Amino acid sequence: MQHLSVKHLLGIKDLTREDINLILDTAGNFKEVINRPIKKVPSLRDITIANIFFENSTRTRLSFELAEKRLSADVINFSSSSSSVKKGETLLDTVNNILAMKVDMIVMRHSSVGSPHYLSKHIKAKIVNAGDGTHEHPTQALLDAFTIKEKFGHVEGKKVCIFGDILHSRVALSNIFALQKLGAEVMVCGPITLLPKYIKDLNVKVELDLKKALEWCDVANVLRIQLERQTIKYFPSLREYSLYYGINKSLLDSLNKEIMIMHPGPINRGVELSSDVADSHHSVILNQVENGVAVRMAVLYLLAGATE
Amino acid sequence: MKILLKSAEIIDKNSPYHFQKKNIIIVDGKIEKIGDFDETADIVLESPDLKVSPGWFDLRASIKDPGSEHKEDIHSATKAAASGGFTGMVCMPNTKPVLQTKDLVEYISNRSANKITSVYPVAAVTIDNKGEEITEMIDLHKAGAIAFSDGNKPIWHSDVLLKTLQYLQSFDGLLLVHAEDKYVSMYGQMNEGLTSTLLGLKGLPKLAEEIIVERDLRILRYTGGKIHFSHVSSPRSFELIKEAKAEGLNVTCDITAYNLALDDTLLASFDTNLKVNPPLRSKEDVDAFWSYLKNGIIDAIVSDHNPQDEESKNLEFDLAEFGMIGLESVFSIVNTIKRDIPLETLLDKIAYAPRRILGISQPVIKEGELAEITIFDSEREWEFTKDDIKSKSKNTPFVGWKFKGKPLAVINKGMYFINN
Numbered sequence: 001m002q003h004l005s006v007k008h009l010l011g012i013k014d015l016t017r018e019d020i021n022l023i024l025d026t027a028g029n030f031k032e033v034i035n036r037p038i039k040k041v042p043s044l045r046d047i048t049i050a051n052i053f054f055e056n057s058t059r060t061r062l063s064f065e066l067a068e069k070r071l072s073a074d075v076i077n078f079s080s081s082s083s084s085v086k087k088g089e090t091l092l093d094t095v096n097n098i099l100a101m102k103v104d105m106i107v108m109r110h111s112s113v114g115s116p117h118y119l120s121k122h123i124k125a126k127i128v129n130a131g132d133g134t135h136e137h138p139t140q141a142l143l144d145a146f147t148i149k150e151k152f153g154h155v156e157g158k159k160v161c162i163f164g165d166i167l168h169s170r171v172a173l174s175n176i177f178a179l180q181k182l183g184a185e186v187m188v189c190g191p192i193t194l195l196p197k198y199i200k201d202l203n204v205k206v207e208l209d210l211k212k213a214l215e216w217c218d219v220a221n222v223l224r225i226q227l228e229r230q231t232i233k234y235f236p237s238l239r240e241y242s243l244y245y246g247i248n249k250s251l252l253d254s255l256n257k258e259i260m261i262m263h264p265g266p267i268n269r270g271v272e273l274s275s276d277v278a279d280s281h282h283s284v285i286l287n288q289v290e291n292g293v294a295v296r297m298a299v300l301y302l303l304a305g306a307t308e
Numbered sequence: 309m310k311i312l313l314k315s316a317e318i319i320d321k322n323s324p325y326h327f328q329k330k331n332i333i334i335v336d337g338k339i340e341k342i343g344d345f346d347e348t349a350d351i352v353l354e355s356p357d358l359k360v361s362p363g364w365f366d367l368r369a370s371i372k373d374p375g376s377e378h379k380e381d382i383h384s385a386t387k388a389a390a391s392g393g394f395t396g397m398v399c400m401p402n403t404k405p406v407l408q409t410k411d412l413v414e415y416i417s418n419r420s421a422n423k424i425t426s427v428y429p430v431a432a433v434t435i436d437n438k439g440e441e442i443t444e445m446i447d448l449h450k451a452g453a454i455a456f457s458d459g460n461k462p463i464w465h466s467d468v469l470l471k472t473l474q475y476l477q478s479f480d481g482l483l484l485v486h487a488e489d490k491y492v493s494m495y496g497q498m499n500e501g502l503t504s505t506l507l508g509l510k511g512l513p514k515l516a517e518e519i520i521v522e523r524d525l526r527i528l529r530y531t532g533g534k535i536h537f538s539h540v541s542s543p544r545s546f547e548l549i550k551e552a553k554a555e556g557l558n559v560t561c562d563i564t565a566y567n568l569a570l571d572d573t574l575l576a577s578f579d580t581n582l583k584v585n586p587p588l589r590s591k592e593d594v595d596a597f598w599s600y601l602k603n604g605i606i607d608a609i610v611s612d613h614n615p616q617d618e619e620s621k622n623l624e625f626d627l628a629e630f631g632m633i634g635l636e637s638v639f640s641i642v643n644t645i646k647r648d649i650p651l652e653t654l655l656d657k658i659a660y661a662p663r664r665i666l667g668i669s670q671p672v673i674k675e676g677e678l679a680e681i682t683i684f685d686s687e688r689e690w691e692f693t694k695d696d697i698k699s700k701s702k703n704t705p706f707v708g709w710k711f712k713g714k715p716l717a718v719i720n721k722g723m724y725f726i727n728n
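In order, the protein sequences belong to chains A and B. Per this note's numbering, the first sequence starts with residue 1, numbered consecutively. Per this note's numbering, the second sequence starts with residue 309, numbered consecutively.
Hints were generated in silico from the structure; no laboratory data involved. In this text the structure is predicted, and so the values were computed from the model without any measurement. Treat the hints with care, as some may be off.
[Stated by the list, open to error] Calculated cross-link-like contacts (lysine-lysine; reagent style DSS-like; alpha-carbon spacing at most 30 Å):
(1) A:233 - B:438
(2) B:404 - B:438
(3) B:490 - A:233
(4) A:121 - B:621
(5) B:404 - A:121
[What the hints assert, rightly or not] Selected chain A positions facing chain B (in silico; Cβ < 8 Å):
(6) 93
(7) 114
(8) 115
(9) 117
(10) 135
(11) 170
(12) 193
(13) 196
(14) 198
(15) 199
(16) 201
[Claimed, not checked] Label pairs and their in silico Cβ distance ranges:
(17) B:647 - A:255: 52 to 58 Å
(18) B:702 - A:77: 35 to 41 Å
(19) A:201 - B:619: 46 to 52 Å
(20) B:708 - A:203: 30 to 36 Å
Built from N, CA and C at the ideal position, the CB exists for glycine as well.
Only chain A is shown next, with the shape it has when bound in the complex:
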């Protein structure tokens, strides 16, 4: 069995190109498995995984849980919408309590940047980052890369533009790292207040004009406008956002080429994407969701096999 170079999946930043390819190849095998009549394999039998979610999540948590069950792992779930600190218990205490029940792996989503990195220094269990604040969401980037590769056969040389709130997006950052490691060209497009000032230093192209960005790219990865994560106003209104940064069918029809539309979900229909785009043949949004399970199976399987 081939191994990843890391013990935890904390972020794409820590992975090598080989690691990413190994995950994508393994995910390919698992995708074939989950399309069989008998979708379950015994790979993680006797492994107990805790899904700890300190932020609301539907699809990521379900996707992880399904991936774990397809691998025959034992699964427990913990979710709390508020930070554990507010309840008087520290993150470390919460996790140590769960680990005391003999848990082997932790899948964690948390609103604090670096929280899985922090945990990794204090606990022995393997950790999968299911999103840490505005930092990384590595399995999302892996499933996005898988979906691009599935469609085009390769990621290298593809032009991918990420649209929307780049400043607050862990999906954007993980995608930038993954796509660049795989040799794609990356652009970001959105209102300038939602683009990090130093984003160009990551060798990312910046475009403020939606139409020009769409004309440039092969793949448009459209992010959800995260109003809930914005305590400061970055743009005047959803109306203005949808008028100047929303992608609709007439805009896509005006391009003299076909582009692929991705979205990590959940979609704000009529804001960043119109329904006639989200539901069109351009969209691979539901393929992403399907691939998510296979990619997460691959990650869990490979990490479980990693030695100390």
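Following the hints, position chain B against chain A.
This is chain B only, laid out in the frame that chain A set:
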């Protein structure tokens, strides 16, 4: 008690023995004899590169007493200071309650009276550091406040700042400024730059500091008076201060030892001991800081001692408090990495300049004087460990560092403290 400093190089530009290697006898806190004699004493201090200078002085430290005595109190803070070679220090007003009344100023003075390190209280400029109504500054001054500051806040309101600078002139008072436009830096966790972008952490842009430095200098030009900018951390701010100095404005500034030693790429570890405000800046900025130190724009180096207990630091990064302790390590940090800065210049930044800025008389090393001295070995190599920390809090990223140069002892107010 008779103490002998054996073959110690005296580094004190105000002393007739400047740069001379002498034996020094101190009896009951008084410098009795300096010369080449042969004599014994109750305590003999010797080391291969033994040096003695006027006692060091820290121009920015938070003591947390009253309010958060579990993090630090006057006793532990002065012990940490003595261990770091300081015979004098200020304490910032960001206590709970805020240091803004005569009785609190006297509390600090009384509590520290029998401590080896003298503590000079800095009182609040505005009530509760809110930036709205000014405190009774004349009365606070009379009670012993050495300077005025709103701690880790700028003076929000331009007109309040204007009135403050005018009012302080009635007794030639000094304003210590923390320059940060908190709207621009709101929710910031670390320096804004490539590293913050890679980490997805909200930035504390240098712009937030520069805006306030520029505004405050404009107001100072209008009102007269004097400002000291504390823990400055942007090359552009130093440039503005340089221009103001050239113009003749009464302005001085300092930098933290940590800003001279560490850069923001270290934050990739998410070590909360590196979460400080002002934040660690970029490598290029650190290079620039050294050049401003060399050309004298930076007047002083400070610890910015900010004790935080385990419960405030062993947390997710954004939930952790800002600050690191520094009293024990300022000299060793800077002496270890001092680039091409001579020791004498370094001592000016941590001994003479702080007193000059505050208007405190300089202790002098000569016979007959009451000793206020720091004894150190500028070349000794040692590892900084948790056991070297005398503060109640242990929040420093320097544990494990191999330092060059160590404070060995201080003598002040008839008392002595010797590091083991």
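Hints and how they fare:
1. A:233 - B:438: OK: residue 233 of chain A and residue 438 of chain B at ~25 Å, within 30 Å.
2. B:404 - B:438: holds (13 Å)
3. B:490 - A:233: holds (16 Å)
4. A:121 - B:621: At roughly 14 Å apart (the allowed maximum being 30 Å), residue 621 of chain B and residue 121 of chain A satisfy the hint.
5. B:404 - A:121: At roughly 34 Å apart (the allowed maximum being 30 Å), residue 121 of chain A and residue 404 of chain B break the hint.
6. 93: Because about 11 Å separates residue 93 of chain A from the closest Cβ in chain B, which is outside the 8 Å limit, the hint is violated.
7. 114: holds (4 Å)
8. 115: Since the shortest Cβ distance to chain B is 5 Å, the answer is holds.
9. 117: With a minimum Cβ separation of about 5 Å from chain B (threshold 8 Å), the hint on residue 117 of chain A holds.
10. 135: Holds. Min distance 4 Å.
11. 170: holds (6 Å)
12. 193: violated (13 Å)
13. 196: holds (5 Å)
14. 198: holds (4 Å)
15. 199: Given a least distance of 6 Å, the restraint on residue 199 of chain A holds.
16. 201: Holds, about 5 Å.
17. B:647 - A:255: 52 to 58 Å: holds (56 Å)
18. B:702 - A:77: 35 to 41 Å: holds (37 Å)
19. A:201 - B:619: 46 to 52 Å: Given range 46 to 52 Å: violated, Cβ gap about 36 Å.
20. B:708 - A:203: 30 to 36 Å: holds (34 Å)
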